[in-house]
Amino acid sequence: MVKKVTEASQAVAEAVKLCKPAVIPVYPITPQTHIPERISDFVNSGEFDCEMIYVESEHSAISAAIGASATGVRSYTATASQGLALMHEILHIVSGMRLPVVMNVVNRALSAPINIWNDHQDSMSARDTSWIQLYVESSQEALDTTIMAFKIAEAHDVLLPVMVCLDGFTLSHVYEPVDIPEQKEVDKFLPKFNPLFKLDTKRPCTMGPVGFPDTFMDFKKEQQDAMDTSIDMIKKVNEEFGKQFGRKYGDGLLEKYLLDDAEYVFVGLGTICGTARSVIDKLREQGRKVGMLKMKAFRPFPEKEVIDYLKGAKAVAVYDRSVSFGHKGAVFAEMTSAFNDIVKKPIFHSFIAGLGGRDVTLQHIEDSFDKISKEKVSTTEWLL
Amino acid sequence: MAETRPKKSEGKKLPVGAVILTPGNSDENKTGDWRSLRPVWNKEKCTQCMICWMYCPDMAIPQKNGKRLETDFDFCKGCGICKTECVFGALTMEKEKK
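Residue numbers (our numbering), protein chains in the order written: chain A, 38 to 421; chain B, -7 to 90.
Okay, chain B solo, but in the shape it has when bound (with noise of 0.2 Å):
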């Protein structure tokens, strides 16, 4: 597994300066769980323009193909941009139950 932080383990030496020498290790630090809303995706209203990927500020709406997947909540902080962007209506947020 990549290190996705410096972790401190008996008898290894912790990086100089706190340096992360593995690339793309944000996949491994999930950071979606502290969401009070959460987005809600009406895939009947969807016309997949993909505005809502575009704007998304942290990867966090997937794609293939050209075609929208479900948000991915490892990582959606529910900020709304998406909501927002929407001009279809196929975004609400709703509270996070817990």
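Only chain A is shown next, with the shape it has when bound in the complex (with noise of 0.2 Å):
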């Protein structure tokens, strides 16, 4: 093992090669930049060997990977916000045809206006796709979460793509000692790629074909199945990940922090979680009983444990970086959701945060948790 300051972008490139992907296809955008700079660097100096692809715009990287992954071989790309909008039928294929390929999603706003700033609005509305989501808090996440997914993707009963959400520049870009693991104990770790069908002329077959009104439908099932499979699938892997490297996140799908005796909880994805752990230590400090669950996996999303998490707190403030426009932010709508049939619940607050780069402050999480202190009733707030 070999600790390095390092950047979690540099981190990710670390991650891919480690695991050998054969083929990655990509294209560039701010700021998922990094990654494929740092992949080309190793590609360039013979460090790796691995087909790179240039390819002309995000809808080819994609596309390109499903050809890759179709061949029996591991595939990965990397995109963030406008590229992975310009994905998005595509994805819906890779997950369809059942490909496990991982691909980070450096998270970034969504134009109009542009701006290249971070939020979550990219990867959740992709939410909807059948692609695993994870998202990670740090450096060392974003490398231990990067090596797990292709475990994950791959695993014969799962066989779904994930992606691997990182903040843009608030995480992506910045400098943190990480752990980076030797080759030979990911090569023990992650076995060699054992596709289940893979185009081979020697045994031809056909994949991508027409699903007729008698069969789509259960296809559409077996995805959904076999996403509710990933669900201890991801829980296995981070298990396996921490006897073998001495690190895990939570369960893998969900981190506590000092919530067992929490009466209220901080509720977020990604790097917002470092802010709030902060605040948390602060709060405790005085005496209040405050904690967090810190969200992983999105998809799938992991509703009976969330629910087992949770039932004991008196309020929850759910931050999100995104919006269903018309609706509320997607991860207070799902939490809520989950708790539907749940008679004693706590009170669900929802704080729409950092939009487009807009920076969440330890202020900010202060003041949300005076409020759902006090309320008595459920609040929306976006935290401007």
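One should not assume that every hint holds.
As the list claims (entries may be wrong) - Okay, the calculated beta carbon distance ranges per label pair:
| # | chain 1 | residue 1 | chain 2 | residue 2 | range |
| --- | --- | --- | --- | --- | --- |
| 1 | A | CYS242 | B | ASN57 | 31 to 39 Å |
| 2 | A | HIS129 | B | LEU61 | 37 to 45 Å |
| 3 | A | GLU276 | B | GLY16 | 40 to 48 Å |
| 4 | A | LEU421 | B | LEU13 | 50 to 58 Å |
| 5 | B | ASP64 | A | THR108 | 30 to 38 Å |
| 6 | B | LYS22 | A | ASN81 | 47 to 55 Å |
| 7 | A | ILE130 | B | GLY16 | 41 to 49 Å |
| 8 | B | THR23 | A | THR108 | 42 to 50 Å |
| 9 | B | GLN40 | A | MET89 | 17 to 25 Å |
| 10 | A | VAL247 | B | ASN57 | 32 to 40 Å |
As the list claims (entries may be wrong) - No farther apart than 25 Å at their CA atoms in a straight line, the calculated lysine-lysine pairs in the DSS-like style are these:
| # | chain 1 | residue 1 | chain 2 | residue 2 |
| --- | --- | --- | --- | --- |
| 11 | B | LYS89 | B | LYS37 |
| 12 | A | LYS258 | B | LYS37 |
| 13 | B | LYS5 | A | LYS235 |
| 14 | A | LYS365 | A | LYS411 |
| 15 | B | LYS5 | A | LYS257 |
Because the hints were derived from the structure by calculation, they are not lab data.
All residues carry an ideal CB built from backbone N, CA and C; glycine is no exception.
Mind assembling these two chains? They're in different frames, but the hints should get you there.
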């Protein structure tokens, strides 16, 4: 193991190299650019043997990833924002064809107005594409989760693509100390990709045929079942990772911070959790019973676990870095829907925060704590 | 019979991702039933040049020992490319009778 002070994008590139995908079709877009740049450096210097395809758009990047994955090799790409939006129609095809492509999404706002900074509108807009979505908080978690993602995606009872989402700039461009695992350790953890089917001239098959009304729905149900199965697989892979590398992230789906006796809970995804931790430490010193539930897996949505972890709380503040326009923050809407049938439940408060790179400050989180500890009914606030 | 496409049947699991494992199954799946125009072949004018055979995008013109056979109407979509390419006027398009 090597400990390096490195940028999260570099850490992700190291993870990708360690997982040895054979084909990486990629198109640059801020703030994802440093990832393909670092991977290209590895390929150029001869450290990493991989076919990089410098395509003409993200639509082509993800399409080429399908072609590569269908031939039975590990395939990876990375994008952000408008790039992910341009991939949208193909995202459904990757998951429908059950190809375990792994992609880092460096979260950035969607235009207009044009904005290159962080929020979660891009990946939240892709939440119904049947991709597993894992959100990370630190460079180390970005590296570790990218490695875990291949193992989750390629499990034969899952076979779904995985998006590993990291906050643009606030994480992707931040330098932190990161443990970079040894190649032989990663090889032990992540076996060679063993495809269920592959394009092979010796044993021809057809991939991506038409699905008539008598079968289409059944295939979609299988996808949904695979998503359900992935809940246990994510937990299992997280445990295995913990055993081998000495680090794990909660139960793989959700991570608790001082949650067990907490009356007031912050819920968030990604880097906002770091800010919340600081505020919690301060409030705990003042004797306030406050904790955090970090949502790592948004798809599959770990409903049972969410209920289990939050049912004892008095009030919950949900921070959304995206909006389902005309409705609410996506995480808030799904949290409250999870508690539909539960009689004794916390009061949920919605905070729309940090859109398009707007700072989410310690003060914001402290103020929201004041609010949720006083208000007796659910509220919505934009942290402008 | 080869499986022409994934079919749902009781107790049988569908192939993951709708993969079809039996190659060459397009023979089983007749696709010529939505044709509105039909190419009519005039054997007298035909010189067996095989241009129509080469141009047919659906391989619906069979040949045997270098001789053109009747169009395969199980697969012909009536696109008229054969008629357009035939320099001897051996093909004409007629309205398909139902």
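For each hint, the structure was consulted:
The given range of 31 to 39 Å is respected by A/CYS242 and B/ASN57, whose C-beta atoms sit roughly 33 Å from each other. Between A/HIS129 and B/LEU61 the beta carbon distance is about 43 Å. The supplied range of 37 to 45 Å therefore holds. Checked against the hint of 40 to 48 Å, the C-beta distance between A/GLU276 and B/GLY16 comes to roughly 45 Å, which is consistent with it. One distance hint, 50 to 58 Å for the beta-carbon pair A/LEU421 and B/LEU13, holds here, with the actual separation near 56 Å.
Between B/ASP64 and A/THR108, the C-beta spacing of about 33 Å keeps the proposed range 30 to 38 Å intact. For B/LYS22 and A/ASN81, the hinted distance range of 47 to 55 Å is satisfied, since their beta carbons lie about 53 Å from each other. A hinted range of 41 to 49 Å for the beta carbons of A/ILE130 and B/GLY16 is inconsistent with their spacing of about 24 Å. The supplied range of 42 to 50 Å is broken by B/THR23 and A/THR108, whose beta-carbon atoms lie about 28 Å from each other.
A hinted range of 17 to 25 Å is violated for the C-beta pair B/GLN40 and A/MET89, which are about 51 Å apart. In this structure the hint that A/VAL247 and B/ASN57 lie 32 to 40 Å apart at CB holds, the actual value being about 36 Å. For the proposed pair B/LYS89 and B/LYS37, the alpha carbon gap of about 24 Å is at most 25 Å, so the pair holds. Straight-line distance between C-alpha atoms of A/LYS258 and B/LYS37 comes to about 56 Å, which puts the hinted pair past the 25 Å bound.
With a C-alpha separation of about 19 Å, the suggested pairing of B/LYS5 with A/LYS235 holds against the 25 Å cut-off. Annotation: proposed proximity of A/LYS365 to A/LYS411 holds, straight-line Cα distance about 22 Å (limit 25 Å). At most 25 Å may separate the alpha-carbon atoms for a hinted pair to count; B/LYS5 and A/LYS257 meet this at roughly 13 Å.
When held up to the earlier numbered hints, the structure conflicts with 7, 8, 9, 12 and fits the remainder.
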